[in-house]
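> Each chain, letter by letter, is given below.
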Amino acid sequence: MSVFFEQLLNGLTIGSFYALVALGYSMVYGVMKLINFAHGDLFTLGSYLGYTVLVVGAGWVTATFGVWGGMAVAMLAAFLGIAVAGILLERIAYRPVYKAGRLPLVVSALGMSIFIQNGIMAIWGPRFQAYPMTAVPKEIITIGDIRITALQLFILLLALALMALIYWLVEKTTFGAAVRAAALDKDTATLMGINFRQVIFFVFALGPALGGIAGVMTGLNYGRIIFNMGWVYGLKAFTATILGGIGNIPGAMIGGLLLGILETLFAGYVSSAWKDVFIFLVLILVLIWRPTGLIGEKTAEKV
Amino acid sequence: MKRILLVVLCAALVLSLLAGCASPTTTPTPTSGGVIQIGLQAPITGNFAAEGQWAKQCVEVAAALINAKGGVLGKQIEVVVADDASNPKDSALAAQKLISQGLKEVIASYGSSVTAPATDLYDKNQVVSVGYGCTAVSLTMDKLRPYFFRTAGRDDTQSEFFAKLAVEKLGAKKIAIMHDNQDYGKGVAEDAMKYLKPYVDAGKTEVVYYDAITPGENDYSAAITKIKQLNPDLLFFTAYYPEAGLIIKQARQAGITCTFVGNNSVPTPEFVKIAGNDAIKGALMLNEPMPQFLTYAESKEFLDAYKAKYNEIPGSIWAVYAADALNALCAAITKAGGTDPDMVAAAMRTMTDAKGITGSLLFTERGDRKDIPYYTYVYDDKGELSLYK
Numbered sequence: 000m001s002v003f004f005e006q007l008l009n010g011l012t013i014g015s016f017y018a019l020v021a022l023g024y025s026m027v028y029g030v031m032k033l034i035n036f037a038h039g040d041l042f043t044l045g046s047y048l049g050y051t052v053l054v055v056g057a058g059w060v061t062a063t064f065g066v067w068g069g070m071a072v073a074m075l076a077a078f079l080g081i082a083v084a085g086i087l088l089e090r091i092a093y094r095p096v097y098k099a100g101r102l103p104l105v106v107s108a109l110g111m112s113i114f115i116q117n118g119i120m121a122i123w124g125p126r127f128q129a130y131p132m133t134a135v136p137k138e139i140i141t142i143g144d145i146r147i148t149a150l151q152l153f154i155l156l157l158a159l160a161l162m163a164l165i166y167w168l169v170e171k172t173t174f175g176a177a178v179r180a181a182a183l184d185k186d187t188a189t190l191m192g193i194n195f196r197q198v199i200f201f202v203f204a205l206g207p208a209l210g211g212i213a214g215v216m217t218g219l220n221y222g223r224i225i226f227n228m229g230w231v232y233g234l235k236a237f238t239a240t241i242l243g244g245i246g247n248i249p250g251a252m253i254g255g256l257l258l259g260i261l262e263t264l265f266a267g268y269v270s271s272a273w274k275d276v277f278i279f280l281v282l283i284l285v286l287i288w289r290p291t292g293l294i295g296e297k298t299a300e301k302v
Numbered sequence: 000m001k002r003i004l005l006v007v008l009c010a011a012l013v014l015s016l017l018a019g020c021a022s023p024t025t026t027p028t029p030t031s032g033g034v035i036q037i038g039l040q041a042p043i044t045g046n047f048a049a050e051g052q053w054a055k056q057c058v059e060v061a062a063a064l065i066n067a068k069g070g071v072l073g074k075q076i077e078v079v080v081a082d083d084a085s086n087p088k089d090s091a092l093a094a095q096k097l098i099s100q101g102l103k104e105v106i107a108s109y110g111s112s113v114t115a116p117a118t119d120l121y122d123k124n125q126v127v128s129v130g131y132g133c134t135a136v137s138l139t140m141d142k143l144r145p146y147f148f149r150t151a152g153r154d155d156t157q158s159e160f161f162a163k164l165a166v167e168k169l170g171a172k173k174i175a176i177m178h179d180n181q182d183y184g185k186g187v188a189e190d191a192m193k194y195l196k197p198y199v200d201a202g203k204t205e206v207v208y209y210d211a212i213t214p215g216e217n218d219y220s221a222a223i224t225k226i227k228q229l230n231p232d233l234l235f236f237t238a239y240y241p242e243a244g245l246i247i248k249q250a251r252q253a254g255i256t257c258t259f260v261g262n263n264s265v266p267t268p269e270f271v272k273i274a275g276n277d278a279i280k281g282a283l284m285l286n287e288p289m290p291q292f293l294t295y296a297e298s299k300e301f302l303d304a305y306k307a308k309y310n311e312i313p314g315s316i317w318a319v320y321a322a323d324a325l326n327a328l329c330a331a332i333t334k335a336g337g338t339d340p341d342m343v344a345a346a347m348r349t350m351t352d353a354k355g356i357t358g359s360l361l362f363t364e365r366g367d368r369k370d371i372p373y374y375t376y377v378y379d380d381k382g383e384l385s386l387y388k
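Going down the list, the sequences are from chains A and B. Under numbering that gives the first Met the number 0, the first sequence has 277 at position 278, and the numbering climbs by one with no breaks. Under numbering that gives the first Met the number 0, the second sequence has 369 at position 370, and the numbering climbs by one with no breaks.
Bear in mind the hints are in silico, worked out from the structure with no lab data behind them. The reader is advised that the hints may include incorrect statements.
[Said to hold, decoys possible] Derived BS3-like pairs (lysine-lysine); straight-line CA-CA distance at most 27 Å:
| no. | chain 1 | residue 1 | chain 2 | residue 2 |
| --- | --- | --- | --- | --- |
| 1 | B | LYS185 | B | LYS280 |
| 2 | B | LYS74 | B | LYS354 |
| 3 | A | LYS137 | B | LYS168 |
| 4 | B | LYS299 | B | LYS388 |
| 5 | A | LYS137 | B | LYS381 |
| 6 | B | LYS168 | B | LYS123 |
| 7 | B | LYS88 | B | LYS123 |
| 8 | B | LYS68 | B | LYS88 |
| 9 | B | LYS185 | A | LYS137 |
| 10 | B | LYS299 | B | LYS381 |
| 11 | B | LYS227 | A | LYS137 |
| 12 | B | LYS196 | B | LYS185 |
All values reported here derive from a predicted model rather than from experimental measurement.
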């Protein structure tokens with residue numbers, strides 16, 4: 000039984016990464032009806048920003064603020080840095096072509112994905128980088144037979160807290176209502192006095208920033224980062240978004256967590272070689288049963 | 000304003016695409032005047048970027064050594080590099096690029112799955128290609144490729160060596176084998192099963208875990224928790240170093256203390272960097288002779304020249320094999336008296352006295368290297384390798 004719980008924890012950890020990245024896809028899609036292909040690469044950029052903060056000056060940040068403080072600084076730096084990057088991305092690559100229709104927008108997104116990826120490669124090099132071991136807490140918590148690292152627990156709790164915060168922000172506040180209204184119908188929302196630019200600003204700052212934090216968490220938890228890692232996470236997070244219902248905030252969270260757990264349990268009890276086959280089979284079945292995703296609303300969407 | 004932005008955007012796109020492909024160092028002028036051009040297809044970017052860069056550096060050092068001695072047939076050697084980005088799709092593109100530049104001899108590449116599509120292209124276009132980091136048995140055995148050779152050994156030798164080591168020397172009763180479902184890793188794992196079978200039939204050992212992971216991911220905790228529960232004496236990992244580093248790190252973190260054996264693509268500085276010194280202490284590595292343990296006169300000359308330029312020795316044997324691929328091609332071109340691919344391929348098969356950095360460069364009829372020994376190495380707590388006694 001303890002093995003089952005350990006696998007469940009493993010799944011929740013992977014799932015919370017997927018969910019955080021999926022939130023960014025979903026928020027942007029909800030408002031702009033655009034699949035932001037550069038999102039996975041912003042996640043990587045966040046990871047590299049965190050890495051830079053932790054290695055600069057031979058680990059000065061960790062030495063000054065302690066291991067946990069250093070981690071917080073790295074995450075904050077990535078959060079702010081990627082928020083700015085997200086806003087810039089919208090300004091440079093999406094706003095000029097927004098009126099030209101969807102296809103130019105998607106092409107622009109793909110171009111930015113390649114641009115950011117190669118930019119990271121040009122700055123940090125094409126080889127693997129490793130987060131410094133000294134910047135990561137080593138404590139291991141044992142509950143009965145279950146072993147979990149303190150870091151894993153921290154990541155899990157922080158990810159859940161962030162998700163709860165976003166949920167509250169979007170579903171319970173007036174500004175969140177404006178975001179949802181803009182997602183539902185941009186033109187009517189604008190007529191009702193909602194500042195659409197502000198909404199776009201919000202989703203392009205917060206969505207990528209969450210991905211940036213997830214990037215630092217990945218680096219801390221697994222140690223190894225590389226310029227093209229955004230692709231794998233982007234793909235899985237995108238799958239999670241579709242699974243939960245694209246454009247839907249709780250859908251992205253549930254999709255991400257569910258994907259992580261299903262993947263882990265299948266890998267743990269059946270075969271890890273076939274887990275992706277299983278995941279995509281589940282996705283297909285869900286889409287046959289509910290074409291709009293698990294909790295996506297049925298709208299007359301012309302995609 | 001909008002137009003300027005668009006122009007900037009287009010420029011950025013073009014630039015980023017250019018950055019994606021490492022362009023060859025020279026313009027195409029095949030075998031004219033005083034140079035012989037040799038292609039090098041290597042993973043300059045992507046998961047195996049470290050291997051690709053070492054290979055490039057090794058080949059360039061080897062070319063400089065040859066050129067300093069007067070070149071081949073009185074001509075200087077020039078290396079044309081193409082990046083295969085560590086994946087089969089770009090591998091085919093890189094091969095096309097070198098072929099369309101009119102090169103007749105190329106060195107290609109690292110990774111069996113990456114090399115496979117390129118070898119077919121080279122073979123079809125009658126270009127002699129020499130693999131350096133591709134050890135899957137299938138490359139030479141699934142069909143005859145008359146223009147393909149490799150300076151690396153073959154994985155069945157490694158798997159046979161492993162089975163003997165695991166059961167007879169280490170006395171492992173419960174073995175876990177993990178591969179990555181690609182040509183190379185799966186090949187080693189399947190052969191290991193084949194060579195373990197007699198021991199399993201005799202009741203000396205059993206394989207408690209045999210499964211694959213997906214390369215390129217970060218979290219292998221599901222597979223690791225499963226292995227932990229099965230409690231094996233030995234975990235044999237048969238795939239590349241980026242995943243090996245994560246697997247051993249996550250396994251030690253999860254409290255798995257069993258012997259870890261990594262196959263021949265694992266022992267590199269990158270593996271140490273990813274896993275950390277604590278996790279890899281005592282880990283056993285199977286490999287053909289590592290660069291730091293080479294003892295020939297040619298190897299000393301090469302390693303000294305490399306060290307003088309880069310202040311370290313190559314991180315893996317595969318990069319050194321890339322240099323030896325160049326040495327083999329040069330020896331064959333000298334013997335054939337020209338770069339005609341048919342004559343060079345025939346010369347490769349019949350060479351008897353070619354010496355390289357890693358010993359004699361002799362090839363079988365199917366293009367495999369002859370006489371490659373295997374050794375076991377062990378990591379100490381400083382991340383250094385030594386021979387395992």
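> Compare the structure with each hint and give your call.
Against the structure, the hints:
Only pairs whose Cα atoms come within 27 Å are accepted, and LYS185 of chain B paired with LYS280 of chain B is accepted, the gap being roughly 26 Å. Restraint check: the Cα-Cα separation between LYS74 of chain B and LYS354 of chain B comes to about 20 Å, which is no more than 27 Å; the hinted pair holds. This hinted pair does not check out: LYS137 of chain A and LYS168 of chain B have alpha carbons roughly 34 Å apart, beyond 27 Å. A hinted pair counts as satisfied when its Cα atoms are at most 27 Å apart, and LYS299 of chain B with LYS388 of chain B qualifies at roughly 24 Å.
A C-alpha spacing of about 19 Å is found between LYS137 of chain A and LYS381 of chain B, which places the hinted pair at or below 27 Å, so the restraint holds. At roughly 45 Å between alpha-carbon atoms, LYS168 of chain B and LYS123 of chain B are farther apart than 27 Å, so this suggested pair is violated. A C-alpha spacing of about 17 Å is found between LYS88 of chain B and LYS123 of chain B, which places the hinted pair at or below 27 Å, so the restraint holds. At most 27 Å may separate the alpha-carbon atoms for a hinted pair to count; LYS68 of chain B and LYS88 of chain B exceed this at roughly 38 Å.
Note on LYS185 of chain B and LYS137 of chain A: the hinted pairing is violated, with a Cα-Cα distance of about 34 Å set against a maximum of 27 Å. A threshold of 27 Å between alpha carbons decides the hint, and for LYS299 of chain B with LYS381 of chain B the separation of about 25 Å falls inside it, so the pair holds. Restraint check: the Cα-Cα separation between LYS227 of chain B and LYS137 of chain A comes to about 20 Å, which is no more than 27 Å; the hinted pair holds. For the given pair, LYS196 of chain B sits about 16 Å from LYS185 of chain B by alpha-carbon distance, which is consistent with the 27 Å threshold.
Hints 3, 6, 8, 9 from the earlier list are contradicted by this structure; the remaining hints agree with it.
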